[in-house]
Amino acid sequence: MAFLFMRMYNVPPNMNEKEKVIGGILNLNQFFWILGGLVIGASVFGLLFTLTKIGGLALTVGGIFCLSGTPFALFKKNGLTLFQYLTRKRKFKKKVKKLPNHRKEVNL
3 MAFLFMRMYN VPPNMNEKEK VIGGILNLNQ FFWILGGLVI GASVFGLLFT
53 LTKIGGLALT VGGIFCLSGT PFALFKKNGL TLFQYLTRKR KFKKKVKKLP
103 NHRKEVNL
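The sequence shown begins at 3 in this note's numbering and counts up one residue at a time.
None of these hints come from the bench; they were simulated from the model. One or more of the hints may lead you astray.
[What the hints assert, rightly or not] Taking lysine-lysine pairs in the DSS-like style, the calculated list, with each CA pair at most 27 Å apart, reads: (1) K78 - K91; (2) K78 - K55; (3) K93 - K78; (4) K79 - K93; (5) K55 - K79; (6) K78 - K97; (7) K96 - K78; (8) K91 - K79; (9) K78 - K22; (10) K93 - K20; (11) K79 - K22; (12) K78 - K20; (13) K79 - K20; (14) K78 - K100; (15) K79 - K95; (16) K79 - K96; (17) K20 - K91.
[As the list claims (entries may be wrong)] Across the chosen pairs, the derived CB separations fall in these ranges: (18) A44 - R9: 54 to 60 Å; (19) V98 - M10: 28 to 34 Å; (20) I66 - Y87: 18 to 24 Å; (21) N12 - N80: 27 to 33 Å; (22) K93 - E21: 25 to 31 Å; (23) M17 - K55: 51 to 57 Å; (24) G65 - K97: 21 to 27 Å.
All C-beta atoms, glycine included, are put in the ideal place defined by N, C-alpha and C.
Based on the provided sequences and hints, a complete structural model is requested.
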């Protein structure tokens, strides 16, 4: 009988994480990173197979390139995806580290 008198609170949804759309495992960004890696691997396989006619070599190198999108899809560092981390790191390194402190009346 006590459950009839309990208060109901509206709890907002957690919006920190993106929704897992593909099989409950991957979100759309992760899916497109993996798909991009597969496309790159398939194109490398096709190119190597037409140039060398060695199927084993082309399959091995193409398979390695197929895995090129997975670090960008799955790896997180400090709560950022690998792509976000690398772009922020690049922007930080491009910043001017030493601020000019020149006054007109001081000669160095």
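Structure-based check of each hint:
no.: 1; hint: K78 - K91; in the structure: holds, 14 Å
no.: 2; hint: K78 - K55; in the structure: violated, 39 Å
no.: 3; hint: K93 - K78; in the structure: holds, 18 Å
no.: 4; hint: K79 - K93; in the structure: holds, 17 Å
no.: 5; hint: K55 - K79; in the structure: violated, 41 Å
no.: 6; hint: K78 - K97; in the structure: holds, 24 Å
no.: 7; hint: K96 - K78; in the structure: holds, 23 Å
no.: 8; hint: K91 - K79; in the structure: holds, 12 Å
no.: 9; hint: K78 - K22; in the structure: holds, 16 Å
no.: 10; hint: K93 - K20; in the structure: holds, 25 Å
no.: 11; hint: K79 - K22; in the structure: holds, 19 Å
no.: 12; hint: K78 - K20; in the structure: holds, 14 Å
no.: 13; hint: K79 - K20; in the structure: holds, 16 Å
no.: 14; hint: K78 - K100; in the structure: violated, 31 Å
no.: 15; hint: K79 - K95; in the structure: holds, 18 Å
no.: 16; hint: K79 - K96; in the structure: holds, 20 Å
no.: 17; hint: K20 - K91; in the structure: holds, 23 Å
no.: 18; hint: A44 - R9: 54 to 60 Å; in the structure: holds, 57 Å
no.: 19; hint: V98 - M10: 28 to 34 Å; in the structure: violated, 55 Å
no.: 20; hint: I66 - Y87: 18 to 24 Å; in the structure: holds, 23 Å
no.: 21; hint: N12 - N80: 27 to 33 Å; in the structure: holds, 32 Å
no.: 22; hint: K93 - E21: 25 to 31 Å; in the structure: holds, 28 Å
no.: 23; hint: M17 - K55: 51 to 57 Å; in the structure: holds, 53 Å
no.: 24; hint: G65 - K97: 21 to 27 Å; in the structure: violated, 39 Å
Going through the hint list in order, the structure does not satisfy hints 2, 5, 14, 19, 24.
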